[in-house]
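Position chain A relative to chain Y; hints supplied.
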Amino acid sequence: MRIHRLRVQSFRGLADAEVTFATTGVTIVEGPNEVGKSSLAEAISLVVDELDTSTKERVRSVRPVHRDEGTEVELELSTGDHHLVIRKRWFRARGIWLEVLAPRREQLTGREAHERLHAILAATADRELWEALRIQQGAEARGASLATRSVLQALDAVAGGTSPDDDDADLWSRITAEWATFFTATGLPRQDGRRLQVEVDEHRSGLARVDADLAQVEAGTDAVGELSRRQARTASAHVEAVARHAELAAEWDGLAGARGEVADRELARTRAEVAVADHRRASEARSALIERVAAASALAEERQGDHRRAVDAGADQARRVVEADQAVALALDQLHEAEAGHSTASAAAEHARRSFDLELLLERHGRVVTNSARLVELHAATPTDLDDDRLAELERLADAAVRARAVLDAGAGSFGAFAIDLVDGVDGVDPGVLLQPEGEPSVPVAAGTRVEHPLTGPVSIVVPGIGTVELTPGAGARDAAREAADAAAALSRALAQVGVADLAEARARRQAGRDAAVELATIDAALRADLRDLTPEVMAAKIAALADQLAAHRAAHPHEVTVALDDADAVVAAAADAVRDARARHAEALAHRAGLAAADEGRVADVARGLAAIDAADRAAAQAAADLERARAEVSDADLATALAEAEASLALAESAALAAASALAAHDPASLEARLQNAADLVARLADEQHEIDLEQARLRAFLSARGEDGLHHQRSELTASLARAERALAHHDRHAAAADLLHRTFSARRDAARLRYLAPFQERICRLGRIVYGPTFEVELDRDLRVRRRTLHGRTLDVADLSVGAREQLDVLTKLAGAATVSAHGGAPVIFDDTLGATSADRLEGMGAAIATAARECQVIVLTCTPERFGSVGRATRITLTPDPVDG
Amino acid sequence: MKPGAIGPSEGRGSPIPVRPPRYALGVPKILHTADWQLGMTRRFLAPEAQARFTQARIDAIGAIGAMAEAEGCVAVVVGGDVFETNQVGRQVVVRALAAMGSCGVPFHLLPGNHDPHDASSVYSSPTFVEHCPPNVSVLDRAGVHEVAPGLELVAAPFTSKRPVTDLVGAAVDLLPAGPAPDGTVRVVVGHGAVDSVFPDLDNPAIIHGAALDAALAERRIHYVALGDRHSTTTCGPSGRVWYAGAPEPTDFDEVDPGNVLVVDVEPGGCHVQRRPLGSWRFAREKFHVNGVEDVADLDAWLRAHPSPDRTIVRLDLVGAMPIRAHARLQEVLGYHGELFAAIDQLDQHTDLVVLPDDADFADLDLTGFARQALDDLRAEVGFGGADAAVAADALALLYRFARSRP
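Line by line, the protein sequences are chains Y and A. When the count follows my numbering, it moves up by one through the first sequence with no breaks and lands on 890 for the last residue. When the count follows my numbering, it moves up by one through the second sequence with no breaks and lands on 406 for the last residue.
Hints are not guaranteed to be accurate.
Said to hold, decoys possible - Here are the computed distance ranges between Cβ atoms for each label pair:
no.	chain 1	residue 1	chain 2	residue 2	range
1	A	D309	Y	A699	47 to 57 Å
2	Y	A212	A	V164	25 to 35 Å
3	Y	A730	A	D309	19 to 29 Å
What the hints assert, rightly or not - Computed list of chain Y residues with no C-beta within reach of chain A, every gap over 12 Å:
no.	residue
4	Q9
5	E106
6	D325
Just so you know, the hints here were simulated from the structure itself, not pulled from any lab data. This one's a predicted model, so the numbers in the text were calculated from it and none came from an experiment. Idealized CB from N, CA, C, for every residue including glycine.
Pulled out of the complex, with its shape left as it was, chain A reads as follows:
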């Protein structure tokens, strides 16, 4: 492709001017990102929070484009899983394409395992085809795509959700033997797990890191831009094989999400810069709560989060606590539940037992039949079993009513 030309054949509509490539006089620079997973929803988000979560992912595209322009990148390379699935909503597709279309830099999208280029591919859907802007191309064919003079993308797209071979290795094998021609840098764009980082003998599609290292050493290729792992990670000794990670975090178990990589691709060695971009946070914490003091600690921990409206918290609460502490815990969680994007508690990770003690009802001055009913419920809790939980709830209710008496 000639400099200044617009994206490959998928591009439609009027060409928009693209900034002249700066690398013409020096090293090609690309912005490596992956795993946008647009259209992703999280079950623990309320509709309002989900809407903001979704919008943040669209906004990230604009931020990526702006960063690429500012850094003088010749291309944004997305290493797969641009969309959460091939069956994403039309609105997601249209908004994503509009966001990319508003940027002055080409985007090259690789189909990953979430959005494989199969018969139901989103990339061949009427919506995508109709609204795809000129600066967006899909790396839908395995092999070399010359996206700029001297810059070849060696694509290894997924054509099914469950490939049965090392697609990246296969794409590299398509290259002519020997080093790349002078003046040409080759960036492999792939998706999936690399065996050196995620050894999995049962995965027929696992990427063989040694072969990549060999090709890098041979200078047949110069950089491997991978997607699939949401945490920013480098693989192997070369320092040229990278997972960019998701630009916005997607789950609690991600180590270092929310970054993109700005890469100066040099034949002799790459300069990779990690740039934080994400605005959302996932935080998971386990708390032992046995009394009001522990609840206060939890409260303080929650209060320490700088942007709770973009933070999703999962709490693993463990402990046995009296009713008054539990009531306080509910107050604290109720308060922060309004502030945070979500506070999630998984039943299987929550082991919180409410054990009423004498102090719970000491100040409530219950007498007569009310006192007797209280004692009955406490005895029920003491017996344990399924009814104990109901009795504990009933005691909590009683505690609330009794405490707020006039």
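Here chain Y stands alone, though its shape is the one from the complex:
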């Protein structure tokens, strides 16, 4: 596409402007900002895109402000083999006019004209490229992708292939969309496939469950059938068992006579056995009775002997007891003697101890009396009203008085009065000068003498007959005098309170007090040590009591030898040992006596028991003899023996008869018959039990089957089978479709990428050639699949486009568009329109950019709209057009 000419009327600030462009090379349209050069780019867009009836904002915005006229744009262009003029007018006298000049003339108006224009453009131009090749003022430098149909076709032609067209792009997007319905962007299967698989799995497991239930029902049904057959077999066996039992019972009944004979003989034998046993017991009892009589007699004899031996032993025992009693009495006497000796020794020792105690008490009491007297003296002599605190207070007051006096003496003035001996006394009155301090006695100043007087208060100097001089001290002197007086008075009061004349006396009195206190404490301690827990009075009483006790003891024991306290304890200890020995001997004698007494008691008891035993043995022997006598009276010993022999003979006969009967029965094997009969009875019972168990099991199974029969398992299975089949078909269909979509996508993607790579190289080379004009031979670029510059290399340093400066990005964008336009120029292409670009480009790059633009423009149409034409001053070959502002709207 080439733009030949553009005329605008009443378009924004332009009243009427017409620009004729160079169809190849650069056309620079220059003019100040307000002149509306950008309107030209807008007018080209409007006249192509918008209907005359459009009410869009972009149309309404171009209406001039101060003119009530229609806005008109006329554009002459060539595209493909068409050369045409399109004119559109908006707002007033609207209309669209198209005049096709070639390849054959056409004239159309209105919407038809608009649609024809678009049909021609669609057939001959690349609208995408047309949009991409315009750089709008202030737009982001990184513009639209140049991967448009015509660019790709051109690049593919250069690369030696056949490029896809718009339809193929649409095809690719449909393939991609189809693939995306099955796979995520990362190539993972989407949820649908997994959901279908889960559905299939669920149906399969559901079917397996129902199949298991059905198998259970079938097994239950078979089991009931088997049970029914078993029941029939069991019933039949039961009938047979009952019959066999009846048969054996009849046989058993047939042996009743033989069994009765055996039983009778056995009974007779048993009875004979009982009779023999009875007779044997009677004989044994008789023998036992005889033995009893003999034993009782022997025992009575033995008891008599025992008694005699016991009586003999008792005489010796009595003698030993008497001897023991004598030994006990002797030991007791010795003990009493020892105890008396111990008592005497103890009394003498006690007396010695008390004498010693008395001596000690008397000593302590003497010291107590002396110290108590001294204590009274000391208490009387110790002043109590002058302690350390009081003395310190006196010291402080004295110090204050001295300091106040010193202040007074230092601060108050003084004066001297000197009386001159000029005047004689009048009327016997000493005419001398008289000092009269206020509140104090007057001080006469003898004539010819000088008196110095401090001026601490008002003082009148009376010179009799002449006059009075009144001296008044200053306020400071008066205050000092008052303070000195107060301090002296306070000291005097304090001294008076403690009854001393001065501080020295107070100090002497305080020292005397301290000394007395020390002595007092010493005496008090000695006194306490002597008194311990006593009072002097109690101590005196104790002394008196002790003296009385000693006196009484001496009176009671006039012959007692007084022993020393130290010896007394040894004497007492020896006496105590003697007592302990005597007591031990006495205890030993007592024990011996007690042992003898116990033995004697036992002996006496044995004698008594021996007598009782003799008596009992005699009675038992008599009883046994009586019993034997009585028994023999009833049955004699000979009769008993005869009866026993007869009974034993009867038993032998009964035993042989029983044996014979048993042998006769054994010939019929009744044990085996009985075992068979019992077995038959057991079999009948067992079969009856089995029948019952089968009935129960059948009932249980039938209940189960009845319940399961209501579940409609077959229906469930059918539905599940159908659902599973549907789900499996859906899954298979889904998988097959997904596989096809994936393969299609992969195949297309691989081929598309390969084609893109082929396209990139020539386009990249074209940008590099233009770029090297600007940047030099080290310039390289790397493109992405959309033919955008991704990285730029300069002087061996490679940077992402995003990291470049605004100016560099702007330059790359211009170069890319120029390369794009140049690439497609042979097939028509589209003009590159720069609206005030290169604003961020430095002056040293502008020259190179001008050269690059001029170079590219040899192959394509470049239109530059600018208000700073000097930016493009370096473009060598260019058509320059200057727009002037409209006189009204400009």
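What follows is chain A alone, placed relative to chain Y:
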């Protein structure tokens, strides 16, 4: 049983009036049917079609009852397999019983191999027992059931799925020797294969046709009403041994399903009339499809079916076809798939290969990388193997996208 009495002891609830038997003055007439297989489902039916298929079987009961009444039949005799299994859904049982209960004719149901009278029998289920109407009885005991004066049904019910003896023969053996008494006709009701038609030496339960023929010749019995075979079939030379066939077809391999038999049972000879009743059709056809012309033939064949909504079609498609023909085939099948109850294709019977040819993509004007991708996929198909099928699918997809480009 006296005339006008209601069904045997299984009947519950209030008796409903039953039309006086016309045969009292003439020949007893019965309606012989079998193999209802109520509750049957077909895996190739969508839920909606399955529901109609199921309902058609219930509706057939009403039609059978109406036909029996119209023909003056004294009884409807069902020769086994009334239910698809003993574990059918409660709904099926209730609806079937309700349908029979609404008819003015007795129904006598024989347990067959699908619904044997075993421990889990549907006939002893609480649902059946509770809802069984008075005019329905179950021939659950082998031997004679006098269902009307002069009409004895000699039943040979299945008591297990796999009997080990000829049940029909055993039931006939229970009859007294010699011809039936005068004025009594005996109809044997049985289920299973007859050896003269389905010889099977390994089947211990096979029915011995010769014994039946002998009994018929002897006039111990007069008609044998059989079930098991779903196609209406007669057995033996007597013309008195019949399979009624299923009243509604159940599968593709049935020769003559969808009938019931109206039988005039005469001691000297029976008059058997076949009456079509079924409303559904199963159709199976093999097609060689190698191009759009063959697809058109298939389309025409499908269009020729009168009631596609009650027709289940199974197609065995064989051939190698270009993508455009395959696309057309899919369109045709998609269209008819909406019309027909089901169009089924079994993988093992479908041998359809899609072979893209130059003409497929000639008009699509693919250029550049799209053309190259197309060539890649075609080469993949050409290599054969597992990936070839995927590549063919991918080509079909491409064909669809490319053809519908704006």
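Hints and how they fare:
| no. | hint | in the structure |
| --- | --- | --- |
| 1 | A:D309 to Y:A699: 47 to 57 Å | 49 Å, holds |
| 2 | Y:A212 to A:V164: 25 to 35 Å | 27 Å, holds |
| 3 | Y:A730 to A:D309: 19 to 29 Å | 23 Å, holds |
| 4 | Q9 | 39 Å, holds |
| 5 | E106 | 26 Å, holds |
| 6 | D325 | 115 Å, holds |
Hint compliance for this structure: no hint is broken.
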